[in-house]
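2 protein chains.
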Amino acid sequence: MKKASNMMIAQSGGPSMVINASMVGAVMTVRKFFGKKIGKIYGARHGIAGILGRDYIDLRKVPEKKMWDISRTPSSALGSCRLKPTADDCRRIFQEFKRLGVGYFFYIGGNDSADAARIVGEEAEKEGYPLVVYHIPKTIDNDLRSCDHTPGYGSAARFVATAIMGDDLDNRALGGVKIDVIMGRDAGFLTAASALARRRPDDGPHLIYFPEIPFSPDKFARDVKAAVKKFGRCVVAVSEGIRDANGESIGAKFAGGEKDSHGNVQMSGTGALGDYLAKIVKEKAGVKRVRADTFGYLQRSFPGIASETDLTEAAMAGSTAVIAALAAAAGNSATPTKGTIGIVRKKAKKYKVDYVALPAEAAAKYTRSLPKEFIAKNGHDVTPAFLEYARPLVGELPFCETL
Amino acid sequence: MKKASNMMIAQSGGPSMVINASMVGAVMTVRKFFGKKIGKIYGARHGIAGILGRDYIDLRKVPEKKMWDISRTPSSALGSCRLKPTADDCRRIFQEFKRLGVGYFFYIGGNDSADAARIVGEEAEKEGYPLVVYHIPKTIDNDLRSCDHTPGYGSAARFVATAIMGDDLDNRALGGVKIDVIMGRDAGFLTAASALARRRPDDGPHLIYFPEIPFSPDKFARDVKAAVKKFGRCVVAVSEGIRDANGESIGAKFAGGEKDSHGNVQMSGTGALGDYLAKIVKEKAGVKRVRADTFGYLQRSFPGIASETDLTEAAMAGSTAVIAALAAAAGNSATPTKGTIGIVRKKAKKYKVDYVALPAEAAAKYTRSLPKEFIAKNGHDVTPAFLEYARPLVGELPFCETL
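Those sequence lines, one after another, are chains A and B. Residues 5 to 407, numbered by my numbering, are exactly what the first sequence covers, in order. Residues 5 to 407, numbered by my numbering, are exactly what the second sequence covers, in order.
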């Protein structure tokens, strides 16, 4: 492993506002502190696709100032992909790694990317290619099992909470029912963050629907009717991932059935679910002014709104992955050679986290749902425990006042 | 007019991020400087509807700190309405004004609100009710003829430019075609602001479609195909107000046909136009990954993102309306008793504006389109003249970097 001391880093899956902070955290940790242990730093464009297509950037040569600017820029500066590598892909990857002298591979992304990194790691062992592989966690959905919360979530949650705060003020002014569709294929964490917008007892969102609770159009219409009766208006936050009683995704029906190689169906990038829900309210709840917005990709890529806590933690996750990889390469038996970085919240009054190296499987494939203790008994709100959990991740929100 | 020295202020039409700054600008100008000339300050809730329904708030009693907080809060803190007053409504309004001793009426809103204020003013003259009426300009569409630019536009334009900047980075990462539908019923100013997001030659938006240029689905598909060929991807900014060759709104077909009392058809609050455009690209341009987002109400009500220039100008427009109204009441013949505030850009190297009192008709009813000199010859881009026009209104945008 001594000879193959170069590293490859890449980004995968949906972008986030802080995935670049993780990349820069890893790269600058090497450039600043481990310049002798790790030689060249290759950035593959568009994830594994860039390795297969030999599309790299030399991340040692990018000026430091530019790297720090990148770290605060949303989206994936190296480009992304949604690709599950086959055994054959892996063999081509190892040929390429061998050619380039790559002994360290860092892959930043969500559970599918963690799974891709796990596959690369397993195949490397099978093929006898000496490789340290680390997955660096990222997902706005916050559904990785290996983290108390995932880098990317805090900033997306900050966007959602801020947007709902403004939208609730808009709804106060003109009345009626407003439906906002929020990202989150399987987990309701991001939709739950809409509740952080509330300051006054009559602030919206007045109803919140999660993928974790089966969605009934009739109950939805009744809930809206009751909220309109109580508040004279209603703001609804609803996850794009809501499912019917059979566990079937409601939004996926409208979204054209496009699938990536991990088997995920397209959900975002269409307003059809919102329009369907608006129709239900018009027809079944008898409300006249009904509007629906789908927050869409802005949730993960809006410049200038990232949570500072999230930015710091994303950079630290990248930095820790480098340190763990070097420890593993040096023979530290407590640190896996095929790993992922976990974020652990410390039990303390003041918010504080720790970063740990976990085996690759910890983050791969399976997702985490919004826990029961975060969902209110009525099924369409969050609990105080969720608010306590999410507030430090999002940071202070803009102050808005009403008359 | 001496006896009826109280004032009524209200907000109307779609909210904006700075319409509260105009309200607070007017109210605090009275409270700070004209406390003897104007007595009570009534805020009517939900515009004219609040006068007809006797729903007021005493704006002298609201603590000063709260007023300044309101001035930086998006949406209409007094509530809004979309109501065109009839002659009968006006008679009821004057009865109410008489009862309350109201001699000054300020109405903040767009061209429909200006028209409502004009009607109230005309009816007051017919009825012989002594009233000074001032419209205070607001519209994110920027389509008032009386202003170089309208308070509300700069902040909405700032949201749009920032959102497109992030969305273009997102599209860089994952490729394909991204369509963003932007507000603007009749005028393309807000959609044009998407061009402010560009910093590099290959930055999106790569195509921009305005209500002013007839939209052809076939040409659109060809444009997208050409852009994808050139850039390997494509970000499209398209106005919700695009029309076909017959001048018929394309978006209105999908939006359920809801109309307000000014005859405006609902356009926002649905994702159908975006989905329709995505379908065209998939079918006619043969692109696989196509996504569409409709920015929706966030464009006018997102907290914490308002342009500082816009906030200042909105407050100044409100303040100037009070001063003009008092001058008119004092018999200054150069100042109309039924007026609106115009914003004039001074011919100078450094951006500077002036505020003028104009007759009510100047802002009422008719709208302004994006001038020809702001639209590129190809019909789907802006000119440098537009960028020069819009930049100072929006302020400095977040800095984003690419690899």
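Calculated directly from the structure, the hints in this document are not laboratory data. Careful, some of the hints might be misleading.
[Stated by the list, open to error] Distance condition first, Cα-Cα at most 25 Å in a straight line; then the derived SDA-like pairs of lysine to any residue:
#1 A:K234 to A:K69
#2 A:K223 to A:V291
#3 B:K65 to A:A338
#4 A:K70 to B:G399
#5 B:K257 to A:K369
#6 A:K69 to B:P375
#7 A:K292 to A:K369
#8 A:K292 to B:A53
#9 A:K283 to A:A249
#10 A:K376 to A:R149
#11 A:K369 to B:R293
#12 A:K257 to B:G399
#13 B:K102 to B:I254
#14 B:K257 to A:K223
#15 B:K288 to A:K369
#16 B:K356 to B:P402
For clarity, every value in this text was computed on a predicted model and none was experimentally measured.
Results for each hint:
Pair hint K234 (chain A) plus K69 (chain A) does not hold up; C-alpha atoms about 54 Å apart against a cutoff of 25 Å. Only pairs whose Cα atoms come within 25 Å are accepted, and K223 (chain A) paired with V291 (chain A) is accepted, the gap being roughly 15 Å. For the suggested pair K65 (chain B) and A338 (chain A), the alpha carbons sit about 66 Å apart, so the restraint of at most 25 Å is broken. A distance of roughly 23 Å separates the Cα atoms of K70 (chain A) and G399 (chain B); the hinted pair therefore holds under the 25 Å criterion.
About 43 Å separates the Cα atoms of K257 (chain B) and K369 (chain A), which puts this hinted pair outside 25 Å; it is violated. Taking the CA atoms of K69 (chain A) and P375 (chain B), the gap is about 40 Å. The hint is violated against a cut of 25 Å. Simply put, K292 (chain A) and K369 (chain A) have alpha-carbon atoms about 44 Å apart, too far for the 25 Å limit, and the pair is violated. The hinted pair formed by K292 (chain A) and A53 (chain B) meets the criterion: a straight-line CA distance of about 18 Å does not exceed 25 Å.
Proximity of K283 (chain A) to A249 (chain A) is assessed by CA-CA distance (about 20 Å); at most 25 Å being required, the pair is judged to hold. With a C-alpha separation of about 15 Å, the suggested pairing of K376 (chain A) with R149 (chain A) holds against the 25 Å cut-off. The hinted pair formed by K369 (chain A) and R293 (chain B) meets the criterion: a straight-line CA distance of about 24 Å does not exceed 25 Å. Distance check on the hinted pair: K257 (chain A) and G399 (chain B) sit about 42 Å apart at the alpha-carbon level, beyond 25 Å; violated.
The straight-line distance between the Cα atoms of K102 (chain B) and I254 (chain B) is roughly 46 Å, outside the 25 Å bound, and the hint therefore fails. At most 25 Å may separate the alpha-carbon atoms for a hinted pair to count; K257 (chain B) and K223 (chain A) exceed this at roughly 30 Å. Proposed proximity of K288 (chain B) and K369 (chain A) is contradicted: the alpha carbons are some 36 Å apart, above 25 Å. Pair hint K356 (chain B) plus P402 (chain B) holds up; C-alpha atoms about 23 Å apart against a cutoff of 25 Å.
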